[in-house]
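Number of protein chains: 2
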Amino acid sequence: MSAQVTSPVRKTANSTTAEDRTAEICLTAARVICEKGYDAASMNDIAAACNLTKAGLYYYTTGKQDLLYRIIDYAMSLVEDNARKCSVIINAEERLRMIIHCHIMTVADGGGSIAILSEEMNALSPEQREEIIERKRAFLDLTRSTLHELKAQGRLNDLDPDIAALNMFTTILGIPRWYRPSRELSTEQIAEQVSSFLHKALLKN
Amino acid sequence: MSAQVTSPVRKTANSTTAEDRTAEICLTAARVICEKGYDAASMNDIAAACNLTKAGLYYYTTGKQDLLYRIIDYAMSLVEDNARKCSVIINAEERLRMIIHCHIMTVADGGGSIAILSEEMNALSPEQREEIIERKRAFLDLTRSTLHELKAQGRLNDLDPDIAALNMFTTILGIPRWYRPSRELSTEQIAEQVSSFLHKALLKN
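Chain order of the listed sequences is L and S.
Take the first sequence: its position 169, counting from 1, is numbered 169 in our numbering, and each next residue is one higher.
Take the second sequence: its position 135, counting from 1, is numbered 135 in our numbering, and each next residue is one higher.
These are computed hints drawn from the structure, not numbers from a lab.
The structure displayed is predicted, hence computed values, not measured ones.
Hints should not be assumed to be uniformly reliable.
Claimed, not checked - DSSO-like mimics (lysine-lysine), calculated; alpha carbons at most 30 Å apart, straight line:
1. S:K204 to S:K85
2. S:K64 to S:K54
3. S:K54 to L:K36
4. L:K151 to L:K136
5. S:K136 to S:K64
6. S:K136 to S:K151
7. S:K36 to L:K136
8. L:K54 to L:K64
9. S:K204 to S:K136
10. L:K136 to L:K64
11. L:K204 to S:K204
12. L:K64 to S:K64
13. S:K64 to L:K36
14. L:K64 to S:K36
15. L:K151 to S:K204
16. L:K36 to L:K136
17. S:K64 to S:K36
18. S:K136 to L:K36
19. L:K36 to L:K64
20. S:K151 to L:K204
21. S:K36 to S:K54
22. L:K151 to L:K204
23. S:K151 to S:K204
24. L:K36 to L:K54
25. S:K36 to L:K54
26. L:K36 to S:K36
27. L:K136 to L:K85
28. L:K204 to L:K85
29. L:K204 to L:K136
30. L:K85 to L:K151
31. S:K136 to S:K85
32. S:K36 to S:K136
33. S:K85 to S:K151
Please work from the sequences and hints to get the whole structure.
Here you go:
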């Protein structure tokens, strides 16, 4: 996560700039929450990381849960973009390879927001949680149905497609636990290694 | 996690019974911490789940961090038992299969303690954390060296052995995120599915 916010708070008539600033704050908040955990990360910590006073931070958000929801909503929109891109691919094997590639790149590049999407759901309100679970399900369903299609074509290894989908997501969502972009390995190299691992796990030679 | 604690606090001269009771409390605390997260789980929640008053709970522990350390120490001892069992196997492929099998069974059966080992390390004191990281490293090293050995023998798929080890652990440690023993699938069936997924991912046919 490279977003570093250094400019002071400024109110502007230009809504795009204000939106950009809110997006920057969300990314910085995501980094802080990723490092400390949602419960331990205080609004003071987040304000400090954004170079804002706590009052300045409240200009952009109504509170920590609002920030969390916006981070998760942002992460979810990345996942939904992937789903749209992949769902139009007719060949099931190509579709699976694209789902794997897109999801890895989003997780590895998403600045911790996807890790929060998978780990901090309990801190949302019940209504927010239900909405996000529903949106997540759509992507899981696309993956599951692709694996079922591959099974029917005899292209899937001898695995239960539903459990295979869960193992696949677990492997990808776990990347932020061991990979930091500062390491000597690029995101592309990580993507190649994890993709290769998953292709071998799932697809017949 | 099936440990249900229903008996009231009782002081006993029989140290084994007292130790069993402490172990039961740790397992129940593990379940509560797993469900709520360490920060959100209060000593009141843990006491209630143990059918104890808060004062009764403090008879067994000095506080929440002490409980967390005991849970993680317990989880680590299960991992170390696995390492001992596996390290004596001379054939690298058999050793890998045994590491995978043992670790999956421990994670799926360990009542959430292994999930806490992987997710709540930050809440330990720096000294406790350092100790646990050192103990974890021994198991990771055994796995890494096994994968390097298989690479040298031409038995590993075309993968970086160190990244493959991380993917492997991520997949196994993620099991508690999607598997609850109450589902229609037994732990053995889960172990078979996840093992098969990992064998295909790692080993040449």
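Which earlier hints can't be squared with this structure?
-> none
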